[in-house]
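Q: Fit chain B to the supplied structure of chain A, relying on the hints for placement.
Order-wise, the sequence lines are chains A and B.
Last residue of the first sequence? That's 571 in my numbering, and every number before it is there in order.
Last residue of the second sequence? That's 571 in my numbering, and every number before it is there in order.
The hints are simulated quantities; they were obtained by calculation from the structure and are not laboratory data.
Computed from a predicted model, the values in this text were never measured in an experiment.
Quick reminder that beta carbons are idealized off the backbone N, C-alpha and C, glycines included.
Treat the hints with care, since some could be wrong.
What the hints assert, rightly or not - Where chain A lies over chain B, by a calculated footprint (3+ residues, C-beta under 8 angstroms):
id, stretch
1, 157–171
2, 188–199
3, 218–225
4, 243–255
5, 265–277
6, 283–289
Stated by the list, open to error - Partner residues are not named here, just some residues of chain B that face chain A (Cβ under 10 angstroms, in silico):
id, residue
7, 258
8, 297
9, 501
Protein chains: 2
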Amino acid sequence: MKQSQIFTKTQKENPKDEKSINAILLQRAGFIYKEMAGVYSFLPMGLMVLNKISNIVREEMQAIGGQEVDMAILQPKALWQKTDRWDKGIGLEVMYKVKDEQMEVGLGPTHEEMLTDIIKNHIESFEDLPFSVFQIQTKFRKEARAKSGLLRGREFIMKDFYSFHASTDDFKDFYEKAKQAYLKVFERCGLKAIITEASGGDFTKDFTHEFQVISEVGEDTIYYCDCGGFSQNEEVFDKKVTKCPVCGNELKKAKSIELSHIFSLGTKYSEPLGAFFTDKNGVKAPIIMGCYGIGISRLMGVIVETSNDSHGIIWPKTVAPFACHLLPILSGKEEQDKEILEKANSVYNDLQKKGIGVLYDDRSKKSAGEKFADADLIGIPMRIVVSQKTLEQGGIEIKERNSDNVKIIKLEELHV
Amino acid sequence: MKQSQIFTKTQKENPKDEKSINAILLQRAGFIYKEMAGVYSFLPMGLMVLNKISNIVREEMQAIGGQEVDMAILQPKALWQKTDRWDKGIGLEVMYKVKDEQMEVGLGPTHEEMLTDIIKNHIESFEDLPFSVFQIQTKFRKEARAKSGLLRGREFIMKDFYSFHASTDDFKDFYEKAKQAYLKVFERCGLKAIITEASGGDFTKDFTHEFQVISEVGEDTIYYCDCGGFSQNEEVFDKKVTKCPVCGNELKKAKSIELSHIFSLGTKYSEPLGAFFTDKNGVKAPIIMGCYGIGISRLMGVIVETSNDSHGIIWPKTVAPFACHLLPILSGKEEQDKEILEKANSVYNDLQKKGIGVLYDDRSKKSAGEKFADADLIGIPMRIVVSQKTLEQGGIEIKERNSDNVKIIKLEELHV
Chain A
156 MKQSQIFTKT QKENPKDEKS INAILLQRAG FIYKEMAGVY SFLPMGLMVL NKISNIVREE
216 MQAIGGQEVD MAILQPKALW QKTDRWDKGI GLEVMYKVKD EQMEVGLGPT HEEMLTDIIK
276 NHIESFEDLP FSVFQIQTKF RKEARAKSGL LRGREFIMKD FYSFHASTDD FKDFYEKAKQ
336 AYLKVFERCG LKAIITEASG GDFTKDFTHE FQVISEVGED TIYYCDCGGF SQNEEVFDKK
396 VTKCPVCGNE LKKAKSIELS HIFSLGTKYS EPLGAFFTDK NGVKAPIIMG CYGIGISRLM
456 GVIVETSNDS HGIIWPKTVA PFACHLLPIL SGKEEQDKEI LEKANSVYND LQKKGIGVLY
516 DDRSKKSAGE KFADADLIGI PMRIVVSQKT LEQGGIEIKE RNSDNVKIIK LEELHV
Chain B
156 MKQSQIFTKT QKENPKDEKS INAILLQRAG FIYKEMAGVY SFLPMGLMVL NKISNIVREE
216 MQAIGGQEVD MAILQPKALW QKTDRWDKGI GLEVMYKVKD EQMEVGLGPT HEEMLTDIIK
276 NHIESFEDLP FSVFQIQTKF RKEARAKSGL LRGREFIMKD FYSFHASTDD FKDFYEKAKQ
336 AYLKVFERCG LKAIITEASG GDFTKDFTHE FQVISEVGED TIYYCDCGGF SQNEEVFDKK
396 VTKCPVCGNE LKKAKSIELS HIFSLGTKYS EPLGAFFTDK NGVKAPIIMG CYGIGISRLM
456 GVIVETSNDS HGIIWPKTVA PFACHLLPIL SGKEEQDKEI LEKANSVYND LQKKGIGVLY
516 DDRSKKSAGE KFADADLIGI PMRIVVSQKT LEQGGIEIKE RNSDNVKIIK LEELHV
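The shape of chain A in the complex, shown without the other chains (with noise of 0.2 angstroms):
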């Protein structure tokens, strides 16, 4: 794509209103746009980022099993007092409401009784079960605390999903799975995410684990040993615990980040919402269900939090806008411009036919500075620069953008 016909720009100064890194990056980077505390909108290359991380966990919930589906915002007020959640937890504290003429509704800020009400018209037997479901959809929660960019947001973007079985044995197996698949995520999106003990809020304490990134930004405090025998999120630590029960070695404490919460359900929506099965003896009994959740723009957030230096934003290969960037450095020589550009065309237009996502800087009347700036800043892993320096050394200048080592290489001799 030819950067000329992106319309967004960047910007030299911080956004006064912004204290976290990754607010004030990808604001200057033309990724994002506040709208106000906690709320944002996706220009161009953010949407291109978070499509790239939907799509890894898409492929990754798939690969388990999981069916996509897209739920109503609107939530029903009557199927919310079943759970008795209308007036009390998440759908006092957290949830929008929203009324008109005929009706009283929220904002969903979760799914777990609009799935469970779905489902129950679909399952009639054991041999119904198991099977998962996610959305990657806007949520909306009342947020006192917005002050993190898309750390925590009013309205965010959240992959949920769930899972169903006729007995504990098929969920602990499912919750097992649904943990290695989570840490391919976040594996794949450059990111050492932690597998902490963590309480089970609203729901049960059994089999409820978080996934933590260490960083000084966080709003959580866990403990730790690097052995990865033991994890647990202060909530739920005992301070006379000092040493590894697996190793034995002093644990660590450490500011994390929240990337991910999983916990078991059991019978909390399916009982009161009536989502019943027969067993193999003809018994009716209640689904036992499971709830994963992923922030998807949070995931963004923490991507640029951990993965930056003072010039701007480092993406991991994975996630970025696109492959490479490409800068034409014009000496204002006329015909050695014109061989510049012509050289420059050729690599742009090779780097598409091979299906390499490439922004190419066309900016003709932006000086050397001023792109290598901007490209710093957007943070695209691989920079390819074209100029009269490498055309004399017959070739491109390439360079990672996590690290300072520029070489010389002939366009075939490129891997991306």
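A: Leaving out everything else, chain B in the frame of chain A:
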């Protein structure tokens, strides 16, 4: 995909609270679930159709240069006050409003204000123009008449598209391009759309057209000529006109469903919101805008409304959830059934290898009659049957959903 793995089931009975064909068939076939009047969830096969429609729209918008974004649903009150629409017009009549301790916001029924506010921070001079921006997003509107399934929703999916220009001539050129792109979208979705002169609603009267599809359940009435030379919405029609001004034939009158509305916005939003550019002479001028909408979920409803029979839905190939529906019909005799299933499995594997979408009715307890009835209801374009009879004849039986012709062919003769 194996049918036994999709959690939805078909229903034999029509839902009691629905009168419109699209709502009845889409629910019976398991594509959507009704949460309340005008609010539906999209189940796995429903989301597949929705995604296919969205991708057709996306491709045609990108083909004329549209850049995709995803703007916030929550709308700042201050922004809508600047255009005087918070307490008047659409903001008063159809926008849901929500409060918490810190803010009052609307749920986006349309995004002129928000996008104009975003782009004004990125546009400086005529050199930054023209460009166009679209999103595919859930919208909300208060709706007393939400009785037609996906045709009129309180919560619905819309593609909204906005263009930005330095001159009226440039806008006019783009408006024609958008018209042609829209015709392509509807043609690819299997719909014959009529471009109709319409009233501008909230907006200007110049350059406003609707795309209408003739249907008995439509809420609009149009006067038109088959020659294509004349078509007007009743709202703007002069009843004294009885003959086509182009070919002289008698005009026809019909009920129709509005698929899309496109119109000039002029400087209605750019002026109050301060979206100006510097022209070639260094003079500041407000940006000229156009607006182009398509109801994505409505489009899904219109396709069903105009393409069905007494047995169920007839999906056009381009938006069908799968290209083929594979039905092994068992005989009850062990040896023969083994052969039937082996053949069906090999057809399934072969189609999947070729990248052809196939729904495999692997449900062993369903009778031939139940399988055929479900296939007709779900409406996948091509039905493939493997049975004792087809094996004896050395092949598979194929039947298109919109035809009664049945043919026995060899697998290698199948072209989808």
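Q: Give a verdict on every hint.
A: Do the hints match the structure? See the list:
1. 157–171: Answer holds; 5 residues pass the 8 angstroms Cβ test.
2. 188–199: The restraint on the stretch 188–199 of chain B holds, since 10 of its residues have a Cβ under 8 angstroms from chain A and three suffice.
3. 218–225: holds (count 5)
4. 243–255: holds (count 4)
5. 265–277: holds (count 5)
6. 283–289: Holds: 3 residues of the stretch 283–289 of chain B have a Cβ under 8 angstroms from chain A.
7. 258: For residue 258 of chain B, the interface hint holds, since the closest Cβ of chain A sits about 6 angstroms away, which is under 10 angstroms.
8. 297: holds (5 angstroms)
9. 501: Since the shortest Cβ distance to chain A is 23 angstroms, the answer is violated.
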